[in-house]
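Given the sequences, and given the hints that come with them, work out the whole structure.
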Amino acid sequence: MIDIQIDAWRAWAPGIDADAAWRDWASAPRALIDSGQQPSCAFIPAMQRRRLSRLARITMDVAWPLCADDEQLPFVFASRHGETPRTFALLEDIGRDQPLSPTQFGLSVHNAIAGQWSILRGQKGESVALAGEGDTFEHAMLEAAALLHEGAPSALVVMAEEQPAEALRSWIDDVPFSYAVALRVSLPDASSSATRWRLSLHANDADARPGAWPNALDFLRALHDPHAPVQHAWRSRQWKWHRLP
Amino acid sequence: MTDLERDIAQLIIDTLNLEETTVADIPADLPLFGQGLGLDSVDALELALALQNVYGIKLAADSRDARQHFATVGNMARFVEAQRLPCND
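First to last, the sequence lines map onto chains A and B. Its first residue numbered 1, the first sequence is counted upward by one per residue in the numbering used here. Its first residue numbered 1, the second sequence is counted upward by one per residue in the numbering used here.
Bear in mind the hints are in silico, worked out from the structure with no lab data behind them. Incorrect hints may have been included.
[To be verified] Label pairs and their calculated CB-CB ranges:
#, chain 1, residue 1, chain 2, residue 2, range
1, B, 63, A, 236, 56 to 66 Å
2, A, 122, B, 45, 39 to 49 Å
3, B, 2, A, 94, 27 to 37 Å
4, B, 2, A, 169, 44 to 54 Å
5, A, 15, B, 64, 47 to 57 Å
6, B, 2, A, 91, 35 to 45 Å
7, A, 42, B, 2, 30 to 40 Å
8, A, 169, B, 40, 47 to 57 Å
C-beta atoms are modelled at their ideal positions from N, C-alpha and C, and glycine is treated no differently.
Right under this line is the structure:
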């Protein structure tokens, strides 16, 4: 069980990035059309932007404003599928007997985006790249809580997924559209006006099924609606999010 | 700029995803690496691959002249020309 405070959040999905648009989505969630659009990340100089993948851009777009220029924040990057589209493109090249792009190859590893974040933002502290199962989001929050208990005053968590390559879609069924959610978190402080949450893990005795929306986006709905119960089932695990008074 | 130089400048822009750069921003004598356009060693590998794919030119990994061939768009064009000639016979 962990208690954690959400000091700020940002999210991106195709066609949705403003707070008002997320409020609308939270009250009536719907599948979004993902036609490969991506944030411009115009705040990053073009020469530094050139190697950012779509997933990296989406991550930078949500995370960037949550970290001040003179601040060091532990960074938790979480993605179940990571750079699957990039990896698939590399496999296609191998299949066609084409030489691999050194850039694509070098940046196909799971911690590449965390590394790019560290370079672009001058971050010298801890960074973690996680890939879990359908409840990767909860594991990322657990990881952030661990970093806070180690002494970090705040931490930054990004949960990001990109729509998989067409050929992989019959296997990957938990990414309805590309999205990223960034959460700036700290240990609960009752004098703050931020929302505080308790995350607890239970056995999935009732054999509950995963919900219709990715856990991070479902949690985002709960941030908008104080009364929404949040329970995320995955195999033998049942995660319960409970808003602290 | 020659047609080949323009083609190579565009190849650099496309290969390296230089969003806000145009062919006019890369004159034939602009140093591509370090001061100048600001490319780095990973870009050099990427460009070597692009030359191979587009012009069929294979650079030996231990080529001592590579640094010179890749210094500017003008040098790259001269290098491509020199490599192409034998194949056009």
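Which of the numbered hints above does this structure break? Failing hints, ascending: 2, 8.
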